[in-house]
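Given only the sequences and the hints, what does the whole structure look like? Please build it.
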Amino acid sequence: MADATTYDPLTTAGTWGRRAKVVVYALLTLFALVYLVPITVVVLNSFRDLGDISRNGLIGIPHSFSLDYWVQAWCKFCVGGTCKGIQPFFYNSVAMVVPASIISTAIGAINGYVLSKWRFPGSEVLFGIMTLGVFMPGQMVLLPWAQVLGFLGLTNTIAGLVFIHCVQGLSFTTLFCRNYYVNIPDALIKAARIDGAGFWRIFRKIVLPLSPPIIIVTLIWQFTNIWNEFLFAFIFSSGTHQPITVALIALSGGGTAVHQYNVESAAVLIGALPPLLIYLFGGRYFLRGLTQGAIK
Amino acid sequence: MSVESFTLTEVKVAPTPPRPLRERLSSFLPQLVLAPSLLATFVYVFVFGAWTIWISVSNSGDLPDYSFAGFHQYADLWVNLRWRIAYTNLFLFSTLYVIGTMVIGLTLAILIDQRVRAEAVFRTIYLYPLAISFVVTGTVWRWLFNPTTGLESMMHQLGWTSFKFDWIVQRELAIYTVVLTAIWQASGFVMALFLAGLRSVDPDLIKAAQIDGASMPRIYRRIILPAIGPIFIAVLVVLLQSAIKTFDLVLAMTQGGPGIATTVPSIYVYDLIFQRGQLAEGAAAAIMILVALALFLVPYTIWTNLRQRREARDG
Numbered sequence: 007m008a009d010a011t012t013y014d015p016l017t018t019a020g021t022w023g024r025r026a027k028v029v030v031y032a033l034l035t036l037f038a039l040v041y042l043v044p045i046t047v048v049v050l051n052s053f054r055d056l057g058d059i060s061r062n063g064l065i066g067i068p069h070s071f072s073l074d075y076w077v078q079a080w081c082k083f084c085v086g087g088t089c090k091g092i093q094p095f096f097y098n099s100v101a102m103v104v105p106a107s108i109i110s111t112a113i114g115a116i117n118g119y120v121l122s123k124w125r126f127p128g129s130e131v132l133f134g135i136m137t138l139g140v141f142m143p144g145q146m147v148l149l150p151w152a153q154v155l156g157f158l159g160l161t162n163t164i165a166g167l168v169f170i171h172c173v174q175g176l177s178f179t180t181l182f183c184r185n186y187y188v189n190i191p192d193a194l195i196k197a198a199r200i201d202g203a204g205f206w207r208i209f210r211k212i213v214l215p216l217s218p219p220i221i222i223v224t225l226i227w228q229f230t231n232i233w234n235e236f237l238f239a240f241i242f243s244s245g246t247h248q249p250i251t252v253a254l255i256a257l258s259g260g261g262t263a264v265h266q267y268n269v270e271s272a273a274v275l276i277g278a279l280p281p282l283l284i285y286l287f288g289g290r291y292f293l294r295g296l297t298q299g300a301i302k
Numbered sequence: 016m017s018v019e020s021f022t023l024t025e026v027k028v029a030p031t032p033p034r035p036l037r038e039r040l041s042s043f044l045p046q047l048v049l050a051p052s053l054l055a056t057f058v059y060v061f062v063f064g065a066w067t068i069w070i071s072v073s074n075s076g077d078l079p080d081y082s083f084a085g086f087h088q089y090a091d092l093w094v095n096l097r098w099r100i101a102y103t104n105l106f107l108f109s110t111l112y113v114i115g116t117m118v119i120g121l122t123l124a125i126l127i128d129q130r131v132r133a134e135a136v137f138r139t140i141y142l143y144p145l146a147i148s149f150v151v152t153g154t155v156w157r158w159l160f161n162p163t164t165g166l167e168s169m170m171h172q173l174g175w176t177s178f179k180f181d182w183i184v185q186r187e188l189a190i191y192t193v194v195l196t197a198i199w200q201a202s203g204f205v206m207a208l209f210l211a212g213l214r215s216v217d218p219d220l221i222k223a224a225q226i227d228g229a230s231m232p233r234i235y236r237r238i239i240l241p242a243i244g245p246i247f248i249a250v251l252v253v254l255l256q257s258a259i260k261t262f263d264l265v266l267a268m269t270q271g272g273p274g275i276a277t278t279v280p281s282i283y284v285y286d287l288i289f290q291r292g293q294l295a296e297g298a299a300a301a302i303m304i305l306v307a308l309a310l311f312l313v314p315y316t317i318w319t320n321l322r323q324r325r326e327a328r329d330g
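Protein sequence lines correspond, in order, to chains A and B.
All letters in the first sequence, in the order written, are residues 7 to 302 by my numbering.
All letters in the second sequence, in the order written, are residues 16 to 330 by my numbering.
It is possible that some hints are incorrect.
Derived CB-CB ranges, DEER-like [claimed, not checked]: (1) Cys81/A to Val306/B: 44 to 54 angstroms; (2) Ser42/B to Pro191/A: 18 to 28 angstroms; (3) Trp318/B to Ala26/A: 32 to 42 angstroms; (4) Ser42/B to Lys211/A: 17 to 27 angstroms; (5) Pro218/B to Pro218/A: 49 to 59 angstroms.
Think of the hints as simulated: they come from the structure by calculation, not from any bench.
In this text, all values refer to a predicted model and were calculated from it rather than measured experimentally.
Where is the CB? At the ideal position from N, CA and C, for every residue including glycine.
And the structure:
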């Protein structure tokens, strides 16, 4: 990456430059405000009472404050007949996303290791085939998945969703890891082989110790995507087995009932929190995953 | 798969100077390790793909029926008003979403590229929507666009009682609220991609142009932007892909309404297969989504491969 400090158009350009700098900051701040409006509104509303919201509107300065709506959203609010709040669905998502991310990342790492360090005739073609999965639109595989899940007895289970996300995520995790491992010098591997180290030993002793960055990127990528995923969750789960994204739609989408915007805001925030926290604390890795996922 | 045929012949030949089985197996270990994933991907992409294609030309009603019926489902699709609305919406949505996101993303990237202070803060703010699901984004923006709770009511509270902003409940305009929300969600991401590109341009080129007396806008237009051309294409492809797959955002915001005004192909597929039990036509619609993707992904893949090969050849 080039050094960004080598040119500085605006500070060197005199008064015009200074004026331009003001415009730049003004625009950046304006955009920042637009980006922050939705989250600010939701955070504020999650603490306001309903009277306050209906009197002063959703977008307004709070006149009331209570933590009660978070408690309600977490464990009391009624979603689709059961009144345990968003909590069981949150745990469903956890039970889905943790195994699915770990398994798909582990398999991806091993696949990437084979496809970069143990190439064989045709392995590049196989790699190409594996990356095709990245482009497959979900709608194309809904019917087959429905049948396969039925056949395996996994219809409407978290295990079924874990299975789907593992298979679907393989292409991504393999792609990520392979492209990372390609940069490990082959000489390292060769030397180890001459010393008599085998396939697994080289993986454990040489490749894995070099892997933490890509493992974190891949895990974060998988976690965020699976946590936020909706289509498969929506179609292949129902009732008490729904992940949180589906429950949120059920909770806030019901058009007829009077909206409890405060509780719904809290619930929406709870649903958004895990990936948001990951983004705030692992932003660097998060971004790297995004750019790699976009431009392979 | 080739992996299995290798091991089979290996067993049959049974070489006379006996190498221990362990050793023979271990020489194929990489292939063996890869085999399950390959099988899974192969099934996922090709078998599932072929399965859906077959359903689309079968007699399936609300249950799969694998007898051949012909291609009339595809013709029926285009007669169906709802599908035509869905496809028109997809084109409208994709076009505006791609243009809007790229313009805003590039603007933000160029602004941030002016060595601003607190760059990390701005970047963090622009990018956080990416960490949030479409369901959450859609829900929140639905509230904001809703005339009785959102922006319109806020303006009324502030005393501007004639203010009107009810696009989300207008048949003709609802799709634009989805576009705006989608742009809000993705423009930070595009900013990050463009920014990485801007920073990778050779600074010597820029300095040389500055010494020659070129103005900054001119340098951007003539040197920097052309240098990041490939990133434009990559961003375009990523955005088009996500546009075509859009499902949850529309569902969370408008559920395809008012009426069927904001239906998109992905919702149409879901509706036909899982709500109306018209498996064959639903499958045909799913394949049209794949066709739309292939229309630009295939040329893009060929282009990147050619480019990589050319780069490899030229060193």
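(request) List, from low to high, the hint numbers that the structure doesn't satisfy. (result) 5
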